[in-house]
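Protein sequence lines, in the order shown, are assigned to chains A and B. Letter by letter, the first sequence follows residues 1 to 173 of this note's numbering. Letter by letter, the second sequence follows residues 1001 to 1181 of this note's numbering.
Calculated directly from the structure, the hints in this document are not laboratory data. Every residue gets a Cβ at the ideal spot worked out from N, C-alpha and C, and that includes glycine. Check before you lean on any hint, since a few could be wrong.
As the list claims (entries may be wrong) - Per label pair, the in silico range of CB-to-CB distance:
(1) B/1040 x A/62: 14 to 22 angstroms
(2) B/1036 x A/149: 31 to 39 angstroms
(3) A/155 x B/1026: 26 to 34 angstroms
(4) A/11 x B/1104: 26 to 34 angstroms
(5) B/1099 x A/65: 24 to 32 angstroms
(6) A/26 x B/1039: 23 to 31 angstroms
(7) B/1040 x A/71: 19 to 27 angstroms
(8) B/1039 x A/121: 37 to 45 angstroms
(9) A/132 x B/1104: 47 to 55 angstroms
(10) A/41 x B/1069: 44 to 52 angstroms
(11) B/1079 x A/169: 49 to 57 angstroms
(12) A/12 x B/1073: 36 to 44 angstroms
(13) A/171 x B/1073: 37 to 45 angstroms
(14) A/135 x B/1109: 53 to 61 angstroms
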Amino acid sequence: MKFEIEVIEDESLDFTKVRYYTLKFIDEEKSEYQKFIDEYKGEYLSCINFLKLWIARIGEKFGAHDQYFRPEDNASALPPPTKEIRKIDFTIDRKNLSIRLYCIVLSLDVVILVSGGIKESDAVRDSPTCFEKLMFAQSISSQLHFSKKRREWSLKGKDIKIKNNFRITYQKK
Amino acid sequence: MASKAYLKILEEIPKEIQNDVFGSIDIANEIYAVLKLKGMAPADLARLMGKSESEISKWLTGLHNFTFKTVRKIGNALETDLIVSKSSKIKFYEELLLEKEEIIKKLKEQILKLDEINVKIIYTYTESKYRPVKVGTCLKNPSDCWSFEIYDEENKSERDNIKIEPVMASKLRTERPEFVD
């Protein structure tokens, strides 16, 4: 069964240059981003802090430019690209780089933080938690793309103007 | 003034981690900015410094722990100061601000002198076909903004390639667009 998803505005993610939105299934209390943070803040606290700092810095100082996001087909991911660093510099805490937070960059001012997981392998499809979240992010991204074509939502600065007929859904696992 | 959200995150995360992450990002961004200004690619910097391209990529990720010596070497290669003291930065921005304020003042005076402003509308379609459109009233004060409502009754599909150019009435050669009240 497909569940409807809301796009949530979160005051704690509203920075000077970027406003981050999160996604929430209507039958659940927590957003998918919050669930991701709660799941990993124990064992992977440093990774979560590392991600939060990047989110804050991009939001406050830089704006959502492409260079700060890993391209993942029609979605994106944080932390920023470090492919080279992982190949040559093993002194960097690899644990920090293994976390992935999938997001959808709508403009320089608006980013939707979806959810993420731990990337345990070189290919995302071999990391079960990560792959599932990537599929989720990609599905939402393509639904947003088509609903934009149908003019069900539009952007005005940092605001997402949503019309009554706007719906996004996903089959929960 | 930093946003509440930003200050909250800075409060939550230990200063040590912040310095580790942000110190390097700032330097990496500075290098990026200088490379862009000079029209150079990271590969050019690698060549100038006799380093491998992968090492330069590593620096630009913002995760490298730069030493002062490395920063100075990069600065020398790019013929610029990557680290500038706070006081000279403030002075530089104050001068820049003053300059911009002067320009804004002059532009405002010019705008006030204009009695009438028309617009030339250039529009193209994704279907590579021209079609008449109605141009709505200006959404904001014309002296501040060139934002108009565009109606296309024949084709409802989205068009994101409309360009609106302000031109003086005397120079307007095209037919005056139809305005809808």
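Structure-based check of all given hints:
1. B/1040 x A/62: 14 to 22 angstroms: Since residue 1040 of chain B and residue 62 of chain A have Cβ atoms about 20 angstroms apart, the given range 14 to 22 angstroms holds.
2. B/1036 x A/149: 31 to 39 angstroms: For residue 149 of chain A against residue 1036 of chain B, whose Cβ atoms are near 33 angstroms apart, the range 31 to 39 angstroms holds.
3. A/155 x B/1026: 26 to 34 angstroms: holds (29 angstroms)
4. A/11 x B/1104: 26 to 34 angstroms: With a Cβ separation near 32 angstroms, residue 11 of chain A and residue 1104 of chain B satisfy 26 to 34 angstroms, so the hint holds.
5. B/1099 x A/65: 24 to 32 angstroms: holds (26 angstroms)
6. A/26 x B/1039: 23 to 31 angstroms: Taking Cβ atoms as reference, residue 26 of chain A and residue 1039 of chain B lie about 50 angstroms apart, which means the hint is violated.
7. B/1040 x A/71: 19 to 27 angstroms: holds (23 angstroms)
8. B/1039 x A/121: 37 to 45 angstroms: Distance hint for residue 1039 of chain B, residue 121 of chain A holds at roughly 39 angstroms.
9. A/132 x B/1104: 47 to 55 angstroms: Roughly 51 angstroms apart at Cβ, these two residues keep to the hinted range, so it holds.
10. A/41 x B/1069: 44 to 52 angstroms: Cβ of residue 41 of chain A to Cβ of residue 1069 of chain B: about 37 angstroms, so the range 44 to 52 angstroms is violated.
11. B/1079 x A/169: 49 to 57 angstroms: holds (56 angstroms)
12. A/12 x B/1073: 36 to 44 angstroms: The hint (36 to 44 angstroms, Cβ to Cβ) holds, given that residue 12 of chain A and residue 1073 of chain B are roughly 40 angstroms apart.
13. A/171 x B/1073: 37 to 45 angstroms: Given range 37 to 45 angstroms: violated, Cβ gap about 54 angstroms.
14. A/135 x B/1109: 53 to 61 angstroms: holds (57 angstroms)
The structure fails to meet hints 6, 10, 13 from the earlier list, while all remaining hints are met.
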